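**Q** Each chain, letter by letter, is given below.
2 protein chains.
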Amino acid sequence: MNIILLSGGSGKRLWPLSNEIRSKQFIKIFKNEDGYESMVQRVFRQIRKVDRNAKITVATSKTQVSALHNQLGEHVGISVEPCRRDTFPAIALASAYLHDIQGVSEDEAVVVCPVDPYVEDDYFEALNRLGKLAESGEANLVLMGIQPTYPSEKYGYIIPADHGEVSRVNTFKEKPDEKTARDYIAKGALWNGGVFAYQLRYLLNKAHELIDFTDYEDLYAKYDTLEKISFDYAVAEKEASIQVMRFAGAWKDLGTWNTLTEAMEDTSIGDAVMNDSCENVHVINELDVPVLCMGLKNVVVSASSEGILVSDKEQSSYIKPYVDQIHQQVMFADKSWGSFQVIDIEEESMTVKVTLNPGHSMNYHSHERRDEVWTVISGEGRTIVDGMEQPVKAGDVITMEAGCRHTIIADTELKVIEVQLGREISVHDKQKYELEG
Amino acid sequence: MNIILLSGGSGKRLWPLSNEIRSKQFIKIFKNEDGYESMVQRVFRQIRKVDRNAKITVATSKTQVSALHNQLGEHVGISVEPCRRDTFPAIALASAYLHDIQGVSEDEAVVVCPVDPYVEDDYFEALNRLGKLAESGEANLVLMGIQPTYPSEKYGYIIPADHGEVSRVNTFKEKPDEKTARDYIAKGALWNGGVFAYQLRYLLNKAHELIDFTDYEDLYAKYDTLEKISFDYAVAEKEASIQVMRFAGAWKDLGTWNTLTEAMEDTSIGDAVMNDSCENVHVINELDVPVLCMGLKNVVVSASSEGILVSDKEQSSYIKPYVDQIHQQVMFADKSWGSFQVIDIEEESMTVKVTLNPGHSMNYHSHERRDEVWTVISGEGRTIVDGMEQPVKAGDVITMEAGCRHTIIADTELKVIEVQLGREISVHDKQKYELEG
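Those protein sequences? They're chains P and Y, same order as listed. For the first sequence, the residue numbers in our numbering are 156 to 592. For the second sequence, the residue numbers in our numbering are 156 to 592.
By construction, these hints were calculated from the structure, which means they are not laboratory data. Possibly wrong hints are sitting among the right ones.
Because identical chains cannot be distinguished in the list, a pair is counted as satisfied if it fits within a single copy or across any two copies.
With a straight-line cut-off of 25 Å between C-alpha atoms, the simulated BS3-like cross-links for lysine-lysine are [what the hints assert, rightly or not]:
| id | residue 1 | residue 2 |
| --- | --- | --- |
| 1 | 587 | 490 |
| 2 | 587 | 204 |
| 3 | 475 | 452 |
Bear in mind that the values here come from a model prediction, so they are computed numbers and not experimental data.
Can you make the complete structure from the sequences, with help from the hints?
**A** Written out as structure tokens, the structure reads:
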């Protein structure tokens with residue numbers, strides 16, 4: 156199975172655990188044998204279980220590449236969108252990537268699916284069948300239609316021609332009001348979860364019809380000139396040869412705190428104490444200090460180094476405009492080499508804890524407008540400062556003036572307290588270099 | 156007016172803003188023209204307003220001396236209890252301190268009052284009158300009786316002989332149940348708020364009667380051998396010549412989050428956002444990141460580097476056993492020279508932000524089992540390391556191996572990131588020295 160996972164943007168609805176850099180699919184909230192896994196880790200594990208040879212490609216923006224490598228390892232296929240241009244350009248680019256870079260044949264089927272459905276293994280078995288349907292060539296496009304469980308106003312609906320397991324699509328309907336949704340469902344309508352399959356040839360032809368490009372490299376180069384347009388609007392709604400396959404298994408869209416906490420196995424993650432009078436309370440605490448809850452009902456508490464949310468569960472779905480008001484420094488991020496956490500901010504300094512995974516290193520870089528001091532607090536590795544390499548271990552201190560080129564290489568897991576000093580500390584003040592030799 | 160303010164112990168009921176080191180009276184929660192002031196700062200300001208020449212002595216334990224100097228300046232009178240021995244020994248020690256150290260005459264009156272009543276200026280005018288009554292010598296002991304506003308089970312009651320403004324005391328009653336309290340009040344009973352006045356001679360004689368000591372120094376030296384006994388039990392309940400003066404003004408005991416939030420001028424202190432559907436919600440946030448509240452009713456949220464409390468207001472008075480469960484590192488403290496805040500804890504390191512006030516310095520000290528690295532992040536001053544003095548400014552780094560003697564002196568406000576490195580990091584690993592020269 157070839158599968159493209161569409162990995163969406165910043166998830167303000169799950170603030171403070173998601174931020175501009177960490178989208179909701181990277182929050183580690185699902186219990187497994189080893190601890191906790193994120194949505195994207197869960198989905199990868201589920202796909203591999205159903206098809207251990209599945210070729211998985213994540214279509215996403217540059218900002219998520221580090222987090223993807225951090226959570227999925229170095230060998231995951233990533234189709235990087237140079238900028239955001241909605242789903243049709245993203246799918247066209249990922250399809251060109253599969254063909255031109257990964258060498259997938261035009262006859263093969265490709266399944267497209269969002270990266271963050273909360274589902275069981277039967278969902279991925281259905282994706283496998285969806286791919287086989289597309290490969291059979293009966294229709295140009297095969298959609299997955301999700302059996303509605305309530306008359307939701309949140310989803311678009313697919314109206315099938317009949318009640319068969321697989322049937323032709325009569326028409327699509329935009330997000331309706333509840334009453335209309337009820338009517339659709341009575342007529343056998345299905346939710347459009349944005350899941351579909353096609354033969355690679357079909358999509359590449361569509362892409363060439365709508366966009367003037369030669370190959371993957373060319374499409375990538377001109378990506379910022381493309382029109383923003385959704386796949387539904389550009390392709391699905393205009394396609395005559397189109398089928399829908401019913402899926403009646405469990406399917407949840409965990410987009411808000413309300414729905415996310417329903418999927419939590421325990422009532423709390425992290426250091427939390429609740430008294431007996433708490434009812435239907437969930438706590439997700441990423442801080443090193445305890446959260447104590449007393450006498451609360453239907454409340455979610457979520458704490459990270461970005462901030463603290465305390466919300467009635469129903470109300471939590473209205474969070475976005477309030478988070479938009481909160482303009483703030485990104486306080487933590489997963490990087491391909493490890494992670495960082497801001498632990499103190501002053502007017503002319505910022506203190507950061509940097510954790511490097513064994514065998515990883517930062518880019519070789521310099522800053523124009525800040526000095527830095529590293530104090531190694533655990534582990535062993537090497538620093539390179541202006542071309543000079545030296546071994547470092549816990550207790551060692553490295554001072555770097557503005558302009559000096561530097562990196563650190565972790566031989567074991569390595570933790571460093573980095574003090575940044577200057578009047579204009581900014582993530583944009585960074586020049587990268589190739590390491591000589 | 157001579158006034159002894161009794162400053163009590165650790166306030167777990169207001170966790171996470173109070174901790175083992177910071178008692179509730181030091182939490183800055185009351186709005187004034189310059190920002191926020193603590194209970195102890197508010198009381199000092201109010202006393203000075205009523206009597207600018209008042210001689211104020213705080214009776215307290217060693218652990219509060221730094222915080223008192225930090226909040227009230229260097230010149231506040233402090234009678235330090237070497238250990239906790241309940242109110243009678245504390246009042247005896249403070250009275251001996253007034254006589255032997257401060258030179259107060261035996262004829263003068265002394266007013267004793269807890270450091271943390273939430274009151275208006277009329278309360279301190281009443282204290283002034285209480286002192287004058289004691290000075291007149293009509294009775295040995297003059298109590299303030301607070302006019303009850305409800306049949307509280309929290310307070311002891313004073314039963315006066317009549318309904319006069321000042322009257323003889325018939326008897327004392329222990330904390331009653333609500334019904335009994337109602338009966339007492341019907342008979343004109345008053346709350347015993349632990350406020351009283353006496354001529355210094357009276358209390359010194361009582362002290363010599365009950366304790367074998369010569370003077371302040373001697374009492375201080377044998378303080379740990381004294382029996383724990385309350386002033387009410389040792390003195391007040393046995394005294395025949397005793398009056399009570401009614402006080403009908405505003406008086407509140409802000410001992411729980413529920414009562415404390417009632418005294419807040421605004422619904423939040425610190426970085427907080429609430430949506431419109433919040434009702435009767437208070438937020439006190441000492442962290443640098445925002446708290447967002449949505450759809451909450453009758454809730455208090457309090458966040459500090461010790462932890463986060465989210466509680467129904469009524470329930471918040473039952474907090475103590477839950478806080479007792481939370482064994483943790485002290486994460487912040489006010490010191491006489493400034494303050495510190497723990498910003499990161501790892502297995503073999505701890506990172507602390509240290510702020511020194513201008514003109515202040517740490518003790519000259521060393522640690523046996525940890526190395527330290529200071530990175531100055533703002534201000535100017537001097538370090539002394541193993542006897543060598545050198546000027547320091549933002550960006551300077553000082554490394555100190557275990558055993559090395561060191562201090563830092565702030566010429567301006569000085570902020571330092573201190574990384575402690577070692578396997579057994581403990582506040583008890585500290586040896587102090589006199590600075591030579």
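**Q** If a hint holds in the structure, say so; if it doesn't, say that too.
**A** Do the hints match the structure? See the list:
{"no.": "1", "hint": "587 with 490", "verdict": "within (16 Å within a copy, 43 Å between copies)"}
{"no.": "2", "hint": "587 with 204", "verdict": "neither (39 Å within a copy, 62 Å between copies)"}
{"no.": "3", "hint": "475 with 452", "verdict": "both (22 Å within a copy, 21 Å between copies)"}
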